[in-house]
Amino acid sequence: MPGDTFTPPRQENSTVFDDGNVLEFRKAREGLRPQSEIEAERAVQSAYDYSVTAESERQLTPVEYAALQLVELHKVRQERMVNEDKPFLKEAA
Amino acid sequence: MSVFKKALTLLIGDTNDLSYLKMPKNTAGLKKLGERELIQLESNIGRELFGPVPQGHRREFFCLDEKTCIWYEEYKDKDGKQVSATTRYEIQGDKVLKAQEGARYSYLEGGELNNLLTAINLYYERVMRAVYHRDPKTRQPL
Chain A
1 MPGDTFTPPR QENSTVFDDG NVLEFRKARE GLRPQSEIEA ERAVQSAYDY
51 SVTAESERQL TPVEYAALQL VELHKVRQER MVNEDKPFLK EAA
Chain B
1 MSVFKKALTL LIGDTNDLSY LKMPKNTAGL KKLGERELIQ LESNIGRELF
51 GPVPQGHRRE FFCLDEKTCI WYEEYKDKDG KQVSATTRYE IQGDKVLKAQ
101 EGARYSYLEG GELNNLLTAI NLYYERVMRA VYHRDPKTRQ PL
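Read top to bottom, the protein sequences are chains A and B. No gaps in the numbering here: position 82 of the first sequence is 82 in this note's numbering, and each next residue is one more. No gaps in the numbering here: position 134 of the second sequence is 134 in this note's numbering, and each next residue is one more.
The shape of chain A in the complex, shown without the other chains (with noise of 0.2 Å):
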């Protein structure tokens, strides 16, 4: 007779397993967001980054943002090189 067994009723989003884990099948799909809309979001984040940095490198005055620029071209350079000892430096400076 109906009504001797129960029956849960059935769920668009979400399944119930044995072990009385949910999985939710809408915030699975959020998940996997697409390609295109997370480097969207990363661009806009570089972008704030950027307009942060420009702002405070507007506060320095020509000698601390001449020390800026030579701080960052030595870590590009560092990026770029491979490890060796450097004496003919030390008898340049």
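It should be emphasised that the hints constitute simulated quantities derived from the structure, not laboratory data. Given the structure is predicted, the values throughout are model-derived calculations rather than measurements. There's no promise every hint is true.
To be verified - One-sided and incomplete, this derived list gives chain B residues near chain A with beta-carbon spacing under 7 Å:
#, residue
1, G34
2, E35
3, C63
4, D65
5, E66
6, D94
7, L97
8, L117
9, I120
10, Y124
11, Y132
12, T138
What the hints assert, rightly or not - Quick list of simulated restraints, FRET-style, between CB atoms:
#, chain 1, residue 1, chain 2, residue 2, range
13, B, S2, A, Y65, 54 to 62 Å
14, B, S2, A, E79, 36 to 44 Å
15, A, Y65, B, Q140, 14 to 22 Å
Ideal placement from N, C-alpha and C gives every residue a C-beta, glycine not left out.
Assemble chain B onto chain A, guided by the hints.
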């Protein structure tokens, strides 16, 4: 025969010549340079910032580290004697110390300070683009 080689033979057949699996060494785009070579590349740009180098002169201008720039000039005087001068510019907070041979030290002022700051600015812009292929403003790869 190793397990790996057996598996490879099953997959691709002949395993006698596997040279094509090796990574190429030092391809132009991936080549890493030492600090000496990078500074030389930077100096090729730096020496041109102050106008053409006179005939018989050798000039170098480069950023040595985060706080120091080096100017080196070498030439022969009227008597044919080799003359060389090294000047070190060191950024100290909001000042620039100029150090020359013979323990001569002074802080840059006025036009000389402005000229050096302009040179550093140009050096940064050009070196970032030409040597490191970065946008000088955003520091992102071009």
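Against the structure, the hints:
For G34(B), the suggested interface contact is upheld, since its CB lies about 4 Å from the closest CB of chain A, less than 7 Å. A least Cβ separation of about 5 Å between E35(B) and chain A falls short of the 7 Å threshold, and the interface hint therefore holds. Hint on C63(B) holds. Least Cβ distance to chain A is approximately 5 Å, under the 7 Å limit. Taking 7 Å as the C-beta cut-off, the interface hint given for D65(B) holds, the closest approach to chain A being about 6 Å.
Annotation: interface hint on E66(B) holds; nearest CB of chain A at approximately 5 Å, less than 7 Å. Because the closest C-beta pair between D94(B) and chain A is about 5 Å apart, less than 7 Å, the hint holds. Of the supplied interface hints, the one on L97(B) is violated, with its beta-carbon coming no nearer than about 11 Å to a beta-carbon of chain A, more than 7 Å. For L117(B), the suggested interface contact is upheld, since its CB lies about 5 Å from the closest CB of chain A, less than 7 Å.
At about 4 Å, the closest approach between the beta carbon of I120(B) and any beta carbon in chain A falls short of 7 Å, and the interface hint on this residue holds. Interface hint at Y124(B): satisfied, since its Cβ lies 4 Å from the closest Cβ of chain A, which is below the 7 Å cut-off. Annotation: Y132(B) was flagged as interfacial toward chain A, and the flag holds, the nearest CB pair being 5 Å apart, inside 7 Å. Of the supplied interface hints, the one on T138(B) holds, with its beta-carbon coming within about 6 Å of a beta-carbon of chain A, less than 7 Å.
The supplied range of 54 to 62 Å is met by S2(B) and Y65(A), whose beta-carbon atoms lie about 60 Å from each other. Under the hint 36 to 44 Å, the C-beta atoms of S2(B) and E79(A), about 38 Å apart, fit the expected range. Between Y65(A) and Q140(B) the beta carbons are some 19 Å apart, a value that agrees with the proposed interval 14 to 22 Å.
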